[in-house]
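S.K.: Chains as they are written, first to last, in our numbering: chain A, 20 to 347; chain B, 20 to 347; chain C, 20 to 347.
What the hints contain is simulated information worked out from the structure, not anything from laboratory work.
Check each hint, because a few of them may be wrong.
Unchecked claim - Among chain B residues calculated to face chain A with C-beta under 7 Å, some are: (1) SER64; (2) GLY65; (3) GLU95; (4) VAL121; (5) GLY185; (6) ARG276.
Keep in mind that this is a model prediction, so the values were computed, not measured.
Ideal placement from N, C-alpha and C gives every residue a C-beta, glycine not left out.
Each chain, letter by letter, is given below.
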Amino acid sequence: MTHDPSVSVQRDAEGRLRHLITLEGLTAAELTGLLNLAQFYLRDSGDLPARDQSLWGRTVANLFFEPSTRTRVSFELAALRLGADVVNLDMQSSSRVKGETVLDTIYTLQAMHADILVMRDAEPGLPAYVARFVAPHVSILNAGEATVSHPTQGLLDALTVRQVKGDFAPLRVLIAGDISHSRVARSAWQAFTTLGVAELRIAAPDDLMPGPREFADATRFNDIDRAIDGVDVVMALRIQRERMSGAHIPDDASYHRAFGITAERMKKARPGAIVMHPGPMNRDVEIASDVADGPQSVIQRQVANGVAIRMAVLATIARNVQSRRHFQ
Amino acid sequence: MTHDPSVSVQRDAEGRLRHLITLEGLTAAELTGLLNLAQFYLRDSGDLPARDQSLWGRTVANLFFEPSTRTRVSFELAALRLGADVVNLDMQSSSRVKGETVLDTIYTLQAMHADILVMRDAEPGLPAYVARFVAPHVSILNAGEATVSHPTQGLLDALTVRQVKGDFAPLRVLIAGDISHSRVARSAWQAFTTLGVAELRIAAPDDLMPGPREFADATRFNDIDRAIDGVDVVMALRIQRERMSGAHIPDDASYHRAFGITAERMKKARPGAIVMHPGPMNRDVEIASDVADGPQSVIQRQVANGVAIRMAVLATIARNVQSRRHFQ
Amino acid sequence: MTHDPSVSVQRDAEGRLRHLITLEGLTAAELTGLLNLAQFYLRDSGDLPARDQSLWGRTVANLFFEPSTRTRVSFELAALRLGADVVNLDMQSSSRVKGETVLDTIYTLQAMHADILVMRDAEPGLPAYVARFVAPHVSILNAGEATVSHPTQGLLDALTVRQVKGDFAPLRVLIAGDISHSRVARSAWQAFTTLGVAELRIAAPDDLMPGPREFADATRFNDIDRAIDGVDVVMALRIQRERMSGAHIPDDASYHRAFGITAERMKKARPGAIVMHPGPMNRDVEIASDVADGPQSVIQRQVANGVAIRMAVLATIARNVQSRRHFQ
Numbered sequence: 020m021t022h023d024p025s026v027s028v029q030r031d032a033e034g035r036l037r038h039l040i041t042l043e044g045l046t047a048a049e050l051t052g053l054l055n056l057a058q059f060y061l062r063d064s065g066d067l068p069a070r071d072q073s074l075w076g077r078t079v080a081n082l083f084f085e086p087s088t089r090t091r092v093s094f095e096l097a098a099l100r101l102g103a104d105v106v107n108l109d110m111q112s113s114s115r116v117k118g119e120t121v122l123d124t125i126y127t128l129q130a131m132h133a134d135i136l137v138m139r140d141a142e143p144g145l146p147a148y149v150a151r152f153v154a155p156h157v158s159i160l161n162a163g164e165a166t167v168s169h170p171t172q173g174l175l176d177a178l179t180v181r182q183v184k185g186d187f188a189p190l191r192v193l194i195a196g197d198i199s200h201s202r203v204a205r206s207a208w209q210a211f212t213t214l215g216v217a218e219l220r221i222a223a224p225d226d227l228m229p230g231p232r233e234f235a236d237a238t239r240f241n242d243i244d245r246a247i248d249g250v251d252v253v254m255a256l257r258i259q260r261e262r263m264s265g266a267h268i269p270d271d272a273s274y275h276r277a278f279g280i281t282a283e284r285m286k287k288a289r290p291g292a293i294v295m296h297p298g299p300m301n302r303d304v305e306i307a308s309d310v311a312d313g314p315q316s317v318i319q320r321q322v323a324n325g326v327a328i329r330m331a332v333l334a335t336i337a338r339n340v341q342s343r344r345h346f347q
Numbered sequence: 020m021t022h023d024p025s026v027s028v029q030r031d032a033e034g035r036l037r038h039l040i041t042l043e044g045l046t047a048a049e050l051t052g053l054l055n056l057a058q059f060y061l062r063d064s065g066d067l068p069a070r071d072q073s074l075w076g077r078t079v080a081n082l083f084f085e086p087s088t089r090t091r092v093s094f095e096l097a098a099l100r101l102g103a104d105v106v107n108l109d110m111q112s113s114s115r116v117k118g119e120t121v122l123d124t125i126y127t128l129q130a131m132h133a134d135i136l137v138m139r140d141a142e143p144g145l146p147a148y149v150a151r152f153v154a155p156h157v158s159i160l161n162a163g164e165a166t167v168s169h170p171t172q173g174l175l176d177a178l179t180v181r182q183v184k185g186d187f188a189p190l191r192v193l194i195a196g197d198i199s200h201s202r203v204a205r206s207a208w209q210a211f212t213t214l215g216v217a218e219l220r221i222a223a224p225d226d227l228m229p230g231p232r233e234f235a236d237a238t239r240f241n242d243i244d245r246a247i248d249g250v251d252v253v254m255a256l257r258i259q260r261e262r263m264s265g266a267h268i269p270d271d272a273s274y275h276r277a278f279g280i281t282a283e284r285m286k287k288a289r290p291g292a293i294v295m296h297p298g299p300m301n302r303d304v305e306i307a308s309d310v311a312d313g314p315q316s317v318i319q320r321q322v323a324n325g326v327a328i329r330m331a332v333l334a335t336i337a338r339n340v341q342s343r344r345h346f347q
Numbered sequence: 020m021t022h023d024p025s026v027s028v029q030r031d032a033e034g035r036l037r038h039l040i041t042l043e044g045l046t047a048a049e050l051t052g053l054l055n056l057a058q059f060y061l062r063d064s065g066d067l068p069a070r071d072q073s074l075w076g077r078t079v080a081n082l083f084f085e086p087s088t089r090t091r092v093s094f095e096l097a098a099l100r101l102g103a104d105v106v107n108l109d110m111q112s113s114s115r116v117k118g119e120t121v122l123d124t125i126y127t128l129q130a131m132h133a134d135i136l137v138m139r140d141a142e143p144g145l146p147a148y149v150a151r152f153v154a155p156h157v158s159i160l161n162a163g164e165a166t167v168s169h170p171t172q173g174l175l176d177a178l179t180v181r182q183v184k185g186d187f188a189p190l191r192v193l194i195a196g197d198i199s200h201s202r203v204a205r206s207a208w209q210a211f212t213t214l215g216v217a218e219l220r221i222a223a224p225d226d227l228m229p230g231p232r233e234f235a236d237a238t239r240f241n242d243i244d245r246a247i248d249g250v251d252v253v254m255a256l257r258i259q260r261e262r263m264s265g266a267h268i269p270d271d272a273s274y275h276r277a278f279g280i281t282a283e284r285m286k287k288a289r290p291g292a293i294v295m296h297p298g299p300m301n302r303d304v305e306i307a308s309d310v311a312d313g314p315q316s317v318i319q320r321q322v323a324n325g326v327a328i329r330m331a332v333l334a335t336i337a338r339n340v341q342s343r344r345h346f347q
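Chain A on its own, in the form it takes in the complex (with noise of 0.2 Å):
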């Protein structure tokens, strides 16, 4: 049972999906349907990229409380080649606003008919409190909330996952580095439960391990020479410099030598296994350059992947509401 508001809001009453603010509480059909409809909407590199109409009429408006160019334009471009019309507000340019303005915001923007609204913020808690006011038939997708979800994040990272290794059940999934302030492992780390890989497990010094109520079943190391030992998934967090010195590591170049993913360390990784980072990646710090751009680096896949899920996801909202709307 969980006590997370983000799970029971983002259902209506007959337990479709109007939000997604989580991955928490979807079920492994339901993932599985999202990276489906996403593997439909892929395209080869050089090929131009799916198109349909899924939001005709549709206005997507991306409201970045926390700036964040690439995941901004990957919604922006997803939007687009569904056919919506996608609105812009860079809500970090005005002062930080209190919640209740940011729920008069929702309310002008839900009156202007934008009924999907993407949302970025750097604190907890603003995606489930704001979907518990919209109309019906507005939706609330979460791009990036805190240290605590970043659905789509999760559900690309799945899917690259599923590309390379097709099976979840035998694999052994190592998330590293800042797992204590990530909201990319959290997500993640739901998916790959959900999915049911064979083990999961977390490498973080101590002061970035989670306390012991999250992650549940996952193995924790402080090791990473250890951790990486066998793996068939290496994924790399983004390291931030002020949360390394409250970790008590002096610098980069540090960081690296205790935690950084290196083509040595990978030699002890599953032959095979694959490397991601959620970018914007710190080259050579907890990822060695040559390893990000090497043979096992999914990188680049996982931002292709993350238009496509981001279309699935949109596509899948839009539905849901629809059919809602027709049949209530």
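Use these hints to put chains B and C onto chain A, whose structure you have.
M.R.: Leaving out everything else, chains B and C in the frame of chain A:
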């Protein structure tokens, strides 16, 4: 008779509106025509927004010398839903440029076939100034000009009142707050006066009351409790803190006590009276939060009407300019 | 023979243009082809702009590491009118990133199926550097590179001259101002030299004159009054105040006296000579305001030609890349 240059410059030789800079000089028939077209463009919340191709092939440029995300998005969505290409120019990031250079910017956009220029500026005079120089096929839409004019706001306010109250003739309308610095109040006064309300009242602290040559025929109050007595419509204006202190009001709470629209005060209005606010609100300053969210509030409706009014204005201006092009 | 890496990197194995980084190395036939296509895309002021679907399904990303609203909007409108999806990335708001990280940004956009990347940068070398690494279907368009290159500006200047003067062969062209720091001058010199003007003159204060190995065959003047004698085309360059002081010119008025294009000076040019400026102008500094607005000025025409040239370049690059895709 008026000497406001905006009044004459906004019409072509045949008297048709080719710019919209002020509501002054518009006839009741013209205002009603715009309200009717906006009503045609309205859809229920939850339905897809109206779309047509009135602006097919046209380019709308949003030039905001004063920032306003909500008004920019409202115009952007209106233009996109009429099939226009839209470009946003964030002019406040560059240092305030002098009139001549603004004209070079305008000429540049005109040469790029941007034919509808939506302008917002914190200083008065720019829209009418620019309108004198643009080519015959180029239109200027005023999206907020200093304390002077905000014509689409005046129109959406009139539309909102008409939807709820039907006929303007019997209505008593109160505008309350910083009348002196309010373009919203000036445009609303022009609309309601032309559309023939029974009485227009303005209520403001003495220091925020406009001079006697403005708001002709309006009944003036410095006591909100007397002003609100028996009115059908209460429009609260956004107060800015620096203006409060200019009016010797020390803080938000004092302003709220003296001039805030509260549930208690609303009891003095006529039964069924509505409450309006142009947004964004300072909750519990110029308007009590429970009033803003209560059954008499039509604030969300104003926002929805805003997009519809902007569609109506864009389509009307485009048609007028096109007629001129084809038949001259 | 050239050693500029931009020259070779911008062609594919069959010699077709797949990037546009510099005008150096383009043949007269290639330049003429681009001018002809741009002419095809031109419409009279007041007519709707040309539209087609040459970029249908394509994604154009504007990456401006150096801000320029007018150039960004010109590329944005060109791409929209050819049916592309367009995303804007404001890169100058983030701190200047090093080459490697720019490459990660490029790879990210490429993985998102952004296939035409329009780049502007205040430092030299980035477009050619990036072009070496992108996938075969991705094109780099240089929208202004340090003091080095601004190819679409050179093309629009050539188109403007051709429209008014017809044949390049008999023409004497003067470029006047801060030649040393001007990418506009360099690209114009390349275009006019290849298209075969009779004489190209450059006039600059001594400290703003480029070194002797640049602008081969150009006639050099440090006296604008002698330089302008008998020319058919006068191109004034924008001067920056910090460059003035570097050239021991104390203020705007001094620069205007020494190098400004005035009506008096224009009398020394050939009758019917035209005046050009790349914009934005410092009125009454490098160009007298009455000359800029006078009958010999073609400055607005340059802007209109700018969108048409960018449409021509976008459509040509897209066709070349598509041919390669289909027939290899």
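S.K.: Each hint should be assessed against the structure and marked as holding or not.
M.R.: Results for each hint:
| no. | hint | result |
| --- | --- | --- |
| 1 | SER64 | holds, 6 Å |
| 2 | GLY65 | holds, 4 Å |
| 3 | GLU95 | holds, 6 Å |
| 4 | VAL121 | violated, 22 Å |
| 5 | GLY185 | violated, 22 Å |
| 6 | ARG276 | violated, 20 Å |
Checked against the numbered hints given earlier, the structure breaks hints 4, 5, 6 and satisfies all the rest.
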